[in-house]
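**Student:** With the sequences and hints as input, model every part of the structure.
Protein chains in written order, with the UniProt record's numbering: chain L, 1 to 315; chain V, 1 to 443.
Simulated from the structure, these hints should not be mistaken for laboratory data. Treat the hints with caution; some may be incorrect.
Here are the simulated DSS-like pairs of lysine-lysine, each with C-alpha atoms no more than 27 Å apart in a straight line [unchecked claim]: (1) V:K81 to L:K275; (2) V:K153 to V:K319; (3) V:K198 to V:K153; (4) L:K79 to V:K442; (5) L:K221 to L:K117; (6) V:K254 to V:K166; (7) V:K442 to L:K275; (8) L:K79 to V:K423; (9) V:K319 to V:K166; (10) V:K227 to V:K183; (11) V:K442 to V:K132; (12) V:K423 to V:K254.
Here are a few chain L residues that sit away from chain V, every Cβ distance over 10 Å (derived from the structure) [stated by the list, open to error]: (13) L107; (14) I129; (15) L197; (16) I206; (17) P231; (18) T297; (19) L309.
Quantities reported herein were computed from a predicted structural model and do not represent experimental measurements. For each residue, glycine too, the CB sits at the ideal point set by N, CA and C.
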Amino acid sequence: MSDHLIQRVASATPPRLARRIRGVSDRTIAWLFVTPTILLLLAVNIFPLIWTIRLSMTNFRTNRPNNPVEFVGLENYRKILSNPDTWASLQATAHFLISTIVLQVVLGFTLAYLINKKFRGNDLWTTLIVLPMMLSPAVVGNFWTFLYQPQIGLFNYFIEFLSGIDPASFSMIGDVSLAPWTIVLVDTWMWTPFVMLICLAGLRSIPPSIYEAAECDRASKWRQFWTITLPMALPFLMLAVLFRGIENFKMFDLVVQLTGGGPGATTQLTSIDLKREAFEKWRTGFASAYAVILFVTVFGLASIYVKALNKVKDR
Amino acid sequence: MNAKRLLTRAFTAAVVALGFSAGAARATDLTLCWAAWDPANALVELSKEYEAQSGNTMHFEFVPWTSFADRMLNELNSGGKLCDLMIGDSQWIGGAAENGQYIKLNDFFDANAIKMDDFIPATVVGYSEWPKNTPNYWALPAFGDVVGWTYRKDWFARPELQAEFKAKYGHDLAVPATFDELKQIAEFFQNRDIDGKKVYGVSIYTERGSEGITMGVMDVLYSYGFKYDNPDKPYDMEGFVNSDNAVKGLEFYKSLYDCCVPPGSSNGYMTEGVDAFKSGQVALQMNFAFTWPGFNTDANVGGDRTGYFANPAGPNGDKFAQLGGQGISVVSASDKQEAALTYIKWFAQPSVQAKWWKLGGYSALRAVVEDPGFATSQPYAQTFLDSMAIVKDFWAEPSYATLMQSSQKWFHDYVVAGHGTAKQALDGLVADWHATFEEEGKY
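**Tutor:** Here it is, written out as structure tokens:
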């Protein structure tokens with residue numbers, strides 16, 4: 001059938017074109033196929049990156065098209081790195097990142113471990129658990145803003161039910177010490193199912209024969225977990241950490257809806273800070289430098305992490 | 001043959017001429033951009049008259065206040081053609097004028113006998129002029145607005161509350177004459193049971209993301225003696241922004257936040273204030289005047305149950321209020337500037353302005369607000385006039401957005417987050433604003 005198709009295409013090709021194609025090497029044909037993709041990649045990824053780096057060394061402002069654009073060298077980078085607000089944002093981001101990853105990995109793996117067991121209603125529970133991650137972050141943010149409302153929010157009433165504390169006596173979003181945990185909690189609620197799904201894939205990829213062999217050797221469940229389950233699911237777990245790490249480093253919508261970066265700048269993550277510099281203050285050159293710093297940070301950390309992930313996979 | 005050619009040419013010319021005249025008279029689709037709020041709905045209603053008269057079709061792009069500046073400044077900065085007419089915030093005028101985003105309207109005003117003297121002076125300076133106090137006009141005052149207060153008149157009138165208040169504070173429970181009295185009232189109502197429901201003292205602006213807390217704090221600070229800069233030396237802010245009186249004003253705002261707002265008021269602006277008042281949670285509410293018509297007709301708090309008052313005086317007797325409101329401008333990037341100008345010409349007519357006020361829009365035309373019947377036309381009309389007489393506005397510089405972000409950060413950090421002292425917040429604000437103006441080459 002395919003030979004027939006090839007013959008039809010060959011006979012339909014004009015003789016002059018056929019002669020030219022016959023003279024083209026496999027390598028050239030490969031390049032012909034790859035070139036559009038490379039051009040697209042250059043246009044939408046590489047060019048903007050180079051342009052951003054170029055802008056980061058200028059005083060350019062998008063809202064001042066008439067102002068002369070001056071080359072300022074590394075001045076924007078110096079200003080960013082010596083600004084206490086930048087470090088406060090990075091600190092808030094680090095708190096958010098570490099807390100969410102730890103919680104989501106622990107809870108996600110636990111849920112995956114439980115869901116992996118055969119029990120009645122397994123499918124229903126899996127569907128219910130993954131529901132939060134199917135919602136839009138903006139919707140989740142708004143939704144939780146109401147839940148956290150001290151006068152009408154269910155969250156405060158739930159805390160009252162557990163502890164007896166007056167629900168109107170504390171505000172999760174308005175309190176400096178509670179607000180960072182507010183966003184951690186919501187992100188964990190929303191994205192733990194994602195980690196669970198990846199872990200579940202890892203757990204289901206472990207051949208049952210290994211457990212059968214362990215049973216024959218009379219290994220306890222505890223020992224099976226530490227010597228079989230966890231090591232074999234570890235690459236999947238690390239992959240989940242990588243995905244969540246990258247996602248949460250650029251977290252924006254959920255936090256803006258929940259706290260707007262407040263109170264004060266308590267939950268002002270780097271992405272919010274960057275957005276304010278770029279699209280509220282319109283300091284385009286400065287914001288470009290900020291974006292480059294964040295890009296290098298994420299790229300560097302991700303590269304180190306991927307190397308570690310590969311080592312774990314190879315073990 | 002010649003006659004035939006002549007006929008053909010005449011016919012062609014007639015067709016071309018017809019085409020041109022049809023083009024010239026063709027109805028234009030105009031898009032007006034503004035914030036999504038009650039007055040915008042009133043403008044849609046008002047504009048039907050323009051559509052009927054001009055044959056042009058009006059389209060509207062309304063964006064919620066919290067993202068209005070983001071969305072519309074993006075549109076202006078990118079040279080977008082979405083908006084032909086823009087009712088932009090007063091503080092945008094400097095940037096829009098200097099960056100050529102609005103067209104200058106002086107010649108148009110002269111040609112159409114539109115006089116700026118016919119409008120409330122504060123609105124002309126606030127919404128139209130750049131540089132300020134010079135006859136360079138970039139907008140027609142479209143919507144006068146100012147921060148003022150509403151109070152629960154029905155609660156204030158209760159004899160048992162009046163007696164208790166007088167016994168506690170030594171004066172009547174009435175519209176406060178000073179900010180100290182306002183705080184006493186707020187304290188008095190905080191956590192009080194009224195008709196079996198717990199109520200709170202006051203709703204004030206605390207929003208972090210856009211401009212909320214700055215509008216609220218400034219509304220109080222002006223009356224405490226805050227000045228943006230040295231009147232004799234522009235952009236010299238040391239000792240003016242962070243004067244002792246300004247520090248006291250900021251401390252007052254924080255004390256009001258700490259003592260007397262409903263729980264969960266850490267990020268509230270206009271909408272949250274309206275909700276708090278309409279739901280009967282608070283005795284006092286700070287908000288822009290545009291919200292008042294909505295209270296007046298509300299089923300829960302409307303009619304005699306709500307009263308209105310202009311900002312009370314600060315400790316030295318000064319009384320000022322934060323200007324709101326906007327002017328209407330023609331966007332330079334628009335391809336339909338001529339048609340857009342016909343809308344402004346129509347809108348400036350006294351009869352249209354009078355109808356604008358009736359529909360719920362705050363006209364800035366003196367013929368409307370100085371009409372003998374204006375002050376009594378609505379329960380809040382006199383308060384609007386009193387408030388408009390004492391307005392001050394935030395920086396309207398091209399770097400307005402950067403200046404605003406600095407004040408948002410410092411005010412929220414001190415008032416809501418409770419970091420540092422008022423003096424540190426205002427010193428920090430001076431440093432940030434100084435750095436911004438330095439970048440702008442003002443020194």
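**Student:** All hints, please: hold or fail.
**Tutor:** Hints versus structure:
Between the alpha carbons of K81 of chain V and K275 of chain L the distance comes to roughly 24 Å, so the proposed pair stays at or under 27 Å and holds. About 22 Å separates the Cα atoms of K153 of chain V and K319 of chain V, which keeps this hinted pair within 27 Å; it holds. The suggested pairing of K198 of chain V with K153 of chain V holds, with an alpha-carbon distance near 17 Å, which does not exceed 27 Å. With a C-alpha separation of about 20 Å, the suggested pairing of K79 of chain L with K442 of chain V holds against the 27 Å cut-off.
Pair hint K221 of chain L plus K117 of chain L holds up; C-alpha atoms about 13 Å apart against a cutoff of 27 Å. Taking the CA atoms of K254 of chain V and K166 of chain V, the gap is about 25 Å. The hint holds against a cut of 27 Å. Proposed proximity of K442 of chain V and K275 of chain L is supported: the alpha carbons are some 26 Å apart, at most 27 Å. Among the hinted pairs, K79 of chain L with K423 of chain V is consistent with the structure: their alpha-carbon atoms are about 25 Å apart, no more than 27 Å.
Of the pairs offered as hints, the one joining K319 of chain V and K166 of chain V holds, with about 25 Å between alpha carbons and a cut-off of 27 Å not exceeded. About 23 Å separates the Cα atoms of K227 of chain V and K183 of chain V, which keeps this hinted pair within 27 Å; it holds. Restraint check: the Cα-Cα separation between K442 of chain V and K132 of chain V comes to about 16 Å, which is no more than 27 Å; the hinted pair holds. Of the pairs offered as hints, the one joining K423 of chain V and K254 of chain V holds, with about 12 Å between alpha carbons and a cut-off of 27 Å not exceeded.
With a least beta-carbon separation of about 28 Å from chain V, L107 of chain L lies farther than 10 Å from that chain, consistent with its non-interface assignment. Residue placement check: I129 of chain L keeps its beta carbon more than 10 Å from all beta carbons of chain V (closest about 30 Å). Once the 10 Å rule is applied to beta carbons, L197 of chain L is consistent with being away from chain V; the minimum gap is 33 Å. Its beta-carbon lying about 47 Å from the closest one in chain V, I206 of chain L satisfies the requirement of being farther than 10 Å from that chain.
Interface exclusion of P231 of chain L from chain V stands, the closest Cβ pair being 45 Å apart, more than 10 Å. Distance check on T297 of chain L: its Cβ is at least 23 Å (rounded) from any Cβ of chain V, clearing the 10 Å threshold; non-interface status holds. The non-interface label for L309 of chain L is consistent with chain V: the shortest C-beta to C-beta separation is roughly 37 Å, beyond 10 Å.
Checked against the numbered hints above, the structure breaks none of them.
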